[in-house]
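**Student:** The primary structure of each chain is shown beneath.
Number of protein chains: 2
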Amino acid sequence: MPFASYQDASLRQVELRDTVLAPRIRTALETTIPSALEKCRVTGRLAAFDLTWKEGMPNCPHIFWDSDVAKVLEGVAYSLALQPNAALEAEYDRLVERIASAQQEDGYLNTHFTVVEPEKRWTNLCTNHELYCAGHLMEAAVAGYEMLGKRRFLEVMCRYADYIAQVFGRGEGQKRGYPGHEEIELALVRLFQATGERRYLDLARYFVDERGQSPNYFTEVEHQNPFGSMDYFQADRPVRELQEAKGHAVRAVYLYSGMADVARLTQDESLLQACQRLFQNLTTRRMYVTGGIGSSFHGEVLTRDYDLTNGSLMYAESCAAMGLVFFAHRMLKATGEGQYADILELALFNGVLSGISLSGDRFFYTNYLEVDDNTQVYNAGAKERQPWFECSCCPTNFCRFLPRALQYVWSLGANEVRLNLPLANTLRNEWGEFQVEGGYPYQEEVRITAKTSRPVTLSLRIPGWCRHPQLLLDGTPVALPPVQGYVSLEERIWTGKETLLLHLPMPVETLHANLKVTSNAGRIALKRGPIVFACETIDNPLGVANLILPSPQNFSLTTAPGLPQGTPAIAGTAIAEAAPDPQALYFSQPLQRTPVPFTAIPYALWQNRGPANMAVWMRTRD
Amino acid sequence: MPFASYQDASLRQVELRDTVLAPRIRTALETTIPSALEKCRVTGRLAAFDLTWKEGMPNCPHIFWDSDVAKVLEGVAYSLALQPNAALEAEYDRLVERIASAQQEDGYLNTHFTVVEPEKRWTNLCTNHELYCAGHLMEAAVAGYEMLGKRRFLEVMCRYADYIAQVFGRGEGQKRGYPGHEEIELALVRLFQATGERRYLDLARYFVDERGQSPNYFTEVEHQNPFGSMDYFQADRPVRELQEAKGHAVRAVYLYSGMADVARLTQDESLLQACQRLFQNLTTRRMYVTGGIGSSFHGEVLTRDYDLTNGSLMYAESCAAMGLVFFAHRMLKATGEGQYADILELALFNGVLSGISLSGDRFFYTNYLEVDDNTQVYNAGAKERQPWFECSCCPTNFCRFLPRALQYVWSLGANEVRLNLPLANTLRNEWGEFQVEGGYPYQEEVRITAKTSRPVTLSLRIPGWCRHPQLLLDGTPVALPPVQGYVSLEERIWTGKETLLLHLPMPVETLHANLKVTSNAGRIALKRGPIVFACETIDNPLGVANLILPSPQNFSLTTAPGLPQGTPAIAGTAIAEAAPDPQALYFSQPLQRTPVPFTAIPYALWQNRGPANMAVWMRTRD
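Chains as they are written, first to last, in the working numbering: chain F, 1 to 622; chain E, 1 to 622.
Please note that a few of the clues may not be correct.
Some chain E residues near chain F, calculated using beta-carbon distances under 10 Å [claimed, not checked]:
hint, residue
1, A165
2, R170
3, T284
4, T303
5, L313
6, A525
7, K527
8, A615
Cβ-Cβ distance ranges computed for the label pairs, FRET-style [to be verified]:
hint, chain 1, residue 1, chain 2, residue 2, range
9, F, E55, E, T219, 23 to 31 Å
10, F, P541, E, T284, 44 to 52 Å
11, F, N554, E, T594, 25 to 33 Å
12, E, P505, F, Q280, 31 to 39 Å
13, F, A578, E, T594, 40 to 48 Å
14, F, G381, E, Q470, 52 to 60 Å
15, F, G381, E, T426, 55 to 63 Å
Note that these hints are calculated values from the structure, not bench results.
Keep in mind the model is a prediction, meaning the values are calculated, not measured.
Glycine residues also receive a C-beta, built at the ideal position from the N, C-alpha and C atoms.
Chain F extracted, bound-state conformation (with noise of 0.2 Å):
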C-alpha cells in the first residue's frame, strides 16, 4: 500500500471568494473569534491561568477550561494571519505571557490541576481531560509560530510536551497511560511538524499504540470505568484491531486523525489499515446523510450500524462533525484518494456550518436533522442556537475550524497541485497562481486557470456525488473517469492562458435511506451537489410533518426570502395533510390533502431566520 504525501497550502496562500466558506470564515473573525475570546473573559477561563482561583472563590477552573481558551487562541493566530490586527496581536501576546506564567517548575500546565485538585495530577486520565488540554493548548501554540512565527508560546509547550514524555511511556518509573480524550495525539504531530523534533512523533505514536492494550490502564491502573464499557473511549482493544467505529464520537475521530497522521508519517501500514477500516464503518454505516455523526445523546456517541434516528434521540454533535473532516482531511493527504475529499465536503458544508449561525455567535450542539415542538422535551435549545455553554466545546472549535478550513481547498504534492474544493479562490505560492471561479458549491460551472514559473501537474477532484462530470481544456474534452476520485492534467508549465471549463451537474436527487434506519423508510431527503436540503417551517407554514413530497417529481431551483443573495432553494409540489379536527389524537376519518408548494433551504442554514420546525427526510410518495 504506497502512502500518498499530499501537504496542505498554508492558510496565507489561499484567497477565498466563493459565497459559502468564504463569508463564514470572515464572519469567524469578525465575530465568532472575538465573541469567544470575550466569553473566555467574563467567564473566567482567562484569569484561571493566573492560578489565584481559592476555595470559596466563584469561577473555579473547570477540567476542560484550558482547551476553551487554547481552540480560541488559535483562531486567533489564524485571524491575525488572515487579516492582522495590531491591538488583537496585543492582546494575544498578553494571552500567551499568562499562558506560560501558569507553567509549573517542571514543565506541567494545566490551571485545574494546578490550583484545585493538584493533588489529583495524573491520576485519572480516564476522564480528567488533563491531556486533553495539553494537546488543545499545543495546536494553538503551533498555529502562532507557523501562522505568526512566534516561538514563545510554541517553547512553553514543547516544555510541556517534554515533561509528558518523561511521565508517559513504557520505561521504568513511567506511566503507562493514555487520555481518556484523544486530541493530544494528532497535536503532538503538529508539534513534530512544526519544530521538526521526531520525538513528539514518538510520543503520539506511543499515545496511540498504547492505547488498549493490556492490562487495560484504565480499569486496571486507574481503575476507572464510568461508563461501563472501554469502548467509550475506543480503549477496549489496542487501536490496530478495532473493527467498529465506537464510543463517544468526538474522541472517536480525534484519535482516527492522530492515528491517520502517525500512520502517514510513519508509513505505518497496519495501522493505516485500521483507519481504513473506521473510515470505512463510520460512513458508510453510521453518518447522517449530513456528515454528522454520533447518534445517541446518551454518551454523545456511535452507536451501532444503521441506528440513525433524526430527532430528540440524536446527537450529531458539531464538535463531532468537524472531527470527522480531521479525520477525512489526513485520510487524503494519506491516501490521496478523492472518497476522503467526498465526505470533507459533505461534513464540511452540512453537518459543521448547521452548527454555527450566519451571524457567527450562536451554536448549536446538537444537529438534529428533524425539530418538532416536541425536541424540546429533551433540549430546550433544540429550536435555537445558543450563544454558549457551559461546555463550550463547539462555539470554541469553530473559532479555529472556519480559518483553518482554508487549508483544505488545495493539496500540494510533488510536482502537483490538487484542488480538493473548486471553490471560487486563488492560490499563490512559489510555483506559480491558481485561480479557481464559479459558483461552487451551489453552481456547476467551474473556470480555472494557473500561470506557473515551473512545470507543475494540476490535479482536479471529480466529486464522487458527481454523475456526469464534463472536463474541457480550451475546449477540448478531457478523458474521464477520473482515478481515485481526481483527473490530473500533465505536468505543464502553465501560460494563464489555458482554461479549465469544469462542469458538475448539479440535478436535484432523491435519497433514500436503508431500510434499517427505520425512522426514514418512507422518506427522502433531498440533495444538490454536495448540499443536503431541509424543509423549515418558515417556508413551509403549513408544517414540515405533514407535508408528502410526490417523488419523482421536476423539482425547480429558487431562492428563500431571508437567507445569503445566491443561495439556492429546492421547490416543487408537496401533498399537505391535515386531520378533520386538528385536536384530536387518533381518529378514524381520513385526511385531507391539498397540494401546496414547498420549499427546501440548505440545511446548514435552517435556524437562521428565526425558531422552526425542520426535517431533512421528509415523507414521500410516488
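With chain F held as given, fit chain E onto it using these hints.
**Tutor:** Using the frame of chain F, we list chain E on its own:
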C-alpha cells in the same frame, strides 16, 4: 354535579370464562404469584422483615422492597379467595406474622428504615418511598381481610396507619408532609372502606389536600428537588389546580386515583373536576393508542400534549397502564360514565396485558409501540420480556392487578347491575345470577340472561368504539343510543327466560394519529373492537418498517400460528420495500416494491413466540 355511587362486585361473585382475561388470571394464580413469591424469597425481600440485616451482609433491604412483598401478598389473598390452597394459606399466615414482627413499638413498619437508615425515618418523603410502602402494605392487609376474613394483618396496618396519622397532619408538632410517590392515598381509602373508620379517609384527604401547598414541603422543609421540578411529583401546586397530567406517570395516576376516591367519598366537586380535567388531558392528549402512558424514559414521565414517539425514547411502563386502569375505574365509580370504562378496557386489553407474557413469568417494564434492532441500544430488554428487574414493581403489580381485574366486569348500584365488560362470565350475588356468553372482546355477539329474586335494573355498557351497536331483548330492538355509555333495561324481576342479544360490530378500523405526533405521520394503526393490533416479524418475515399497508383495503380475519386458540389476526395485502443494495446507507435508485400478504396480531400478545421486531403504527398509502 351528581356523584354516582357504584360498588364493585366481589371477586368471589364473578366466574369469568372468556378467552382473554380469564386465562391470564388463571396463569397469574398458577405462575405469576408463586414465582414472584419465590423471587421475593431468594432476593431476601421476605427475610428483610426479620430485621436481622447488618452492615456488610448481603441483601440490604431496599427502600421499595416492602412494597414488592406487599403487592405479591395482596395477590396471594386474591388467589386464596379464588382458588383455596391450604399450603399457600399457611405460608400467607406465616408471612403476615413475619411482617407483623417487624412492626416497631410505635407502630412504624418499614424494613429499610428500621435496620439500614433508622436515623432517616420520615426525613425524605420526596424520594424515600416510606409512605408508598405503607400504602401497599395497607392494600395487602385489606385484601386479606376482605377476601379471607383475616384480621391480623389488617390490625397491624391500622396500627401503622394510626401512627402515620399522629406523625402527619396540620396539628402542632406534626409534619405537614406527603409522599413523593403516591399510593397511600388510595390505600387509606381502602382501609376506610374495610374498617369503616372515617379517620383513614380523613388522612387520605389530608395527603391529597396538603400536596403542593405553599410552602412546598419537599423543597422548603426537606430541601429536596432531585428532578428539578416539583411537577415530577405532582407537587408544583395544590392538586385542585393541576391542569395537565404531568410528571412521573405512575405517581400521577396513583395520585389521581386517590383523588377520585376521596372526591367520591366526600362528595368533593372541585376535586372531581380536577380529576375529570386530568383524565381528559391524559387520555385525549398524552396516551398511546394502546392505553400506555409516559412518553419519556427520562424520569418515566408524562411530557406534553402529542409527544408520543413509538420507539427508544418512550416508556409506557406496565405499572402506569395499570394505574390508568385504577384511575379510570374510580372515575367510573364516581360518575357512572361509560367513557371511563372505554379507557379502562383499552388500557386493560392492550397496554397492561402487553406487559406480561402468556406464560405469566416474563415482563416488559417498557411497553414500546415499535421495536427494531436499534431499540436495544437504549434498552437491552426491549425485544424480550424479562423474568424480574432490580426494581421489580411491574412483575409484583401484575400479581395483584390480574386477579382483581375481575371486579371491573360489573358495577353494582342501588337496584342496578351494570355490565362494564361484556366478557363471558357469571355474576352470582344476593340478587340472583347474571350470565354473559360470547367471545368478547374478540367476537361481536354477546348474550345475556339473568334470573333474580327481586326487581333489578340491568344496564349494559355500549363501548364508545362501537359505531353501530344493536341490542335485542327477546328479539325486539332496544332503543339506543345509550345514556353516558350505558343502556338500562327497566327494573324488573328477571326470570332467566329473557334473552338479551348485544351485537357489537367490530370492523377493522384504521386509525390516524394527530399530525403533531410526528413519528406517526403517514402511518396507521389497526384496531378492532377494543383490541389494538401490531405487526411482528414472526408473521412478517420481510420486516415491518419496510411494509406499507395500503388503505383502505379489505382486511380479513385470520389466525396466527403459536397464539392461543381463538385469537384473531388481521390479514391483508402489504407492499414490501427492498433496496437495490441492502447494505447501502444512502442511495438514489428506486426501491423495489413487492405485494405481500401481511398479518397483524393483538399488540398485547407480541413477543410470545420469540424475539422479534414489531410496530403498531404501520406505514400506509392510499
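**Student:** Please go over all the hints and tell whether each is borne out by the structure.
**Tutor:** Okay, the hints, checked on the actual structure:
no.: 1; hint: A165; result: 39 Å, violated
no.: 2; hint: R170; result: 37 Å, violated
no.: 3; hint: T284; result: 5 Å, holds
no.: 4; hint: T303; result: 5 Å, holds
no.: 5; hint: L313; result: 6 Å, holds
no.: 6; hint: A525; result: 8 Å, holds
no.: 7; hint: K527; result: 8 Å, holds
no.: 8; hint: A615; result: 8 Å, holds
no.: 9; hint: E55/F to T219/E: 23 to 31 Å; result: 28 Å, holds
no.: 10; hint: P541/F to T284/E: 44 to 52 Å; result: 26 Å, violated
no.: 11; hint: N554/F to T594/E: 25 to 33 Å; result: 28 Å, holds
no.: 12; hint: P505/E to Q280/F: 31 to 39 Å; result: 56 Å, violated
no.: 13; hint: A578/F to T594/E: 40 to 48 Å; result: 32 Å, violated
no.: 14; hint: G381/F to Q470/E: 52 to 60 Å; result: 56 Å, holds
no.: 15; hint: G381/F to T426/E: 55 to 63 Å; result: 60 Å, holds
Comparing the model with each numbered hint stated earlier shows that hints 1, 2, 10, 12 and 13 do not hold.
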